[in-house]
Each structure stands twice: as structure tokens, then as C-alpha cells.
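Asker: Please model the complete structure; the sequences and the hints are all you need to start from.
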Amino acid sequence: DQQVKQNSPSLSVQEGRISILNCDYTNSMFDYFLWYKKYPAEGPTFLISISSIKDKNEDGRFTVFLNKSAKHLSLHIVPSQPGDSAVYFCAARLAPNYGGSQGNLIFGKGTKLSVKP
Amino acid sequence: DTGVSQNPRHKITKRGQNVTFRCDPISEHNRLYWYRQTLGQGPEFLTYFQNEAQLEKSRLLSDRFSAERPKGSFSTLEIQRTEQGDSAMYLCASSFGSLVHEQFFGPGTRLTVL
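These protein sequence lines are chains V and B, in that order.
Taking the numbering used here, the leading residue of the first sequence gets 1209, the next gets one more, and so forth.
Taking the numbering used here, the leading residue of the second sequence gets 30, the next gets one more, and so forth.
Calculated directly from the structure, the hints in this document are not laboratory data.
None of the values given here were measured: they were computed from a predicted structure.
Be careful, since some hints might not be right.
Stated by the list, open to error - Far from chain V, by Cβ distances over 12 Å, these chain B residues were calculated:
| id | residue |
| --- | --- |
| 1 | T31 |
| 2 | T42 |
| 3 | Q70 |
| 4 | L75 |
| 5 | E85 |
| 6 | S95 |
| 7 | K100 |
| 8 | R110 |
| 9 | E112 |
| 10 | E131 |
| 11 | F134 |
| 12 | L143 |
To be verified - Straight-line alpha carbon distances no greater than 27 Å define the calculated DSSO-like cross-link-like pairs of lysine-lysine that follow:
| id | chain 1 | residue 1 | chain 2 | residue 2 |
| --- | --- | --- | --- | --- |
| 13 | V | K1213 | B | K43 |
| 14 | V | K1276 | V | K1324 |
| 15 | B | K86 | V | K1324 |
| 16 | V | K1262 | V | K1324 |
| 17 | B | K100 | B | K86 |
| 18 | V | K1276 | V | K1320 |
| 19 | V | K1320 | V | K1264 |
| 20 | V | K1317 | B | K100 |
| 21 | B | K86 | B | K43 |
From the three backbone atoms N, C-alpha and C, an ideal C-beta is built for every residue, glycine too.
Answerer: Here it is as C-alpha cells:
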């Protein structure tokens, strides 16, 4: 079963507008959530993370919101730029030593963002 | 460039052959991870090292797979008797100290098994 779900395979947004990427999770033992951006033929690039004890973290144009009661997080990109066009992965880390885990990340399937000029 | 590097970037092999990939993490990072990514999926965890010790292996890591990190620096991932189902992107990531959740990925090695 998928513990981290990104239900929208793609999203198209106009340049300058807000992009909102969503992610749902099922395991309440996740202690960190992360967003990665991936361009074709490159590895994922770390964007922003949030601890499970927070509900918001902001870094420049990127803000991540965490709703623990709904087991939902979202990444907001404002304003969106054409260079933001990429696949965005939501990832979660199991708290270390939970079920034998040393903190490996569990990824969603990704959402392809297209920002149109 | 001080990021995570992986070699080779691409590998094409015939079924049944052995392949070996190398990962050089960011120099001060003591933790190293291997992931596998197939088309339309996110990366899936394979194994993890802290310094030279291999501390965790996923169920995905069959006995044909072996990983080493002999001196706590670079790591190798070997696949013996490759199968077509092994075709994937193999990603290496590293992290450091208290920021263990922030893993930095290399460009990956794309394996094609014919």
C-alpha cells in the first residue's frame, strides 16, 4: 500500500500565478516531510522540508503547509516561473528506529508541473 | 563540483551479466543511501550506510544485490545475474549529522537490461 500519495499526476499553471501541489500520507509515524524537484535526466533536488511538529515552513517563493489531522501537506510556489516546470516529489521520513527504519525516505509518485509563459 | 556524483551515468547490459555502480557522496556526509526509481514511480529505498556500516536493507534488495562502503566514503552497488526487471534509475543520496532527513541526490545511473 502506498504510504505517500500524490493524486494529481500533472498540473498546469500560468506564469506569475500560484502553484499548489498536494500530498497525502497514511502513516502517523512520519517525523519529517520533504519536497524534491526533478528535471529530466537529473537526480531529485531538495527544495524544502517541514518537521511534523510544525504546520508551516517558508523559504523564498516556496511554502509548505502541514495539516496533521488531515494527514495532508501542500507546497505553494508563488509566483510560479517557467523554470519551475519539473516533476515534484513529496517524501516522508519514518521516525528513526520505528519498525527498524534508520530514516529512509518514502516518496510519492510525483506531480509534473508545467508553468506556461 | 561538490555534489553527489555517480558513475556511470548510463549502463546497458545483457541479461545475466553483472554490473557495478559507484557513488561518491558529498565529502562531509556520513550517511549514504541507495534508491531505485522506475518509470512513473518515485524513488524506492534500497539500502543505507552510516560511515562504513550497512545499517538497513529493503525487501527490494534481493540476494543478487550487494552494496559496500569500505572506507566510509564512496559506495558501490553490484547487481549479479541481471534481469530485465532490474532496468531502472539507481539513485544515490547522502546526508549529514542532525540534518539526516535532508538527503541530497546524485544524478543517478540508468540501467537497461536487454
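Asker: Enumerate the violated hints, using their earlier numbering and listing them in ascending order.
Answerer: The structure conflicts with hints 3, 4, 5, 10, 11, 13, 14, 15, 16, 20, although it agrees with all the remaining ones.
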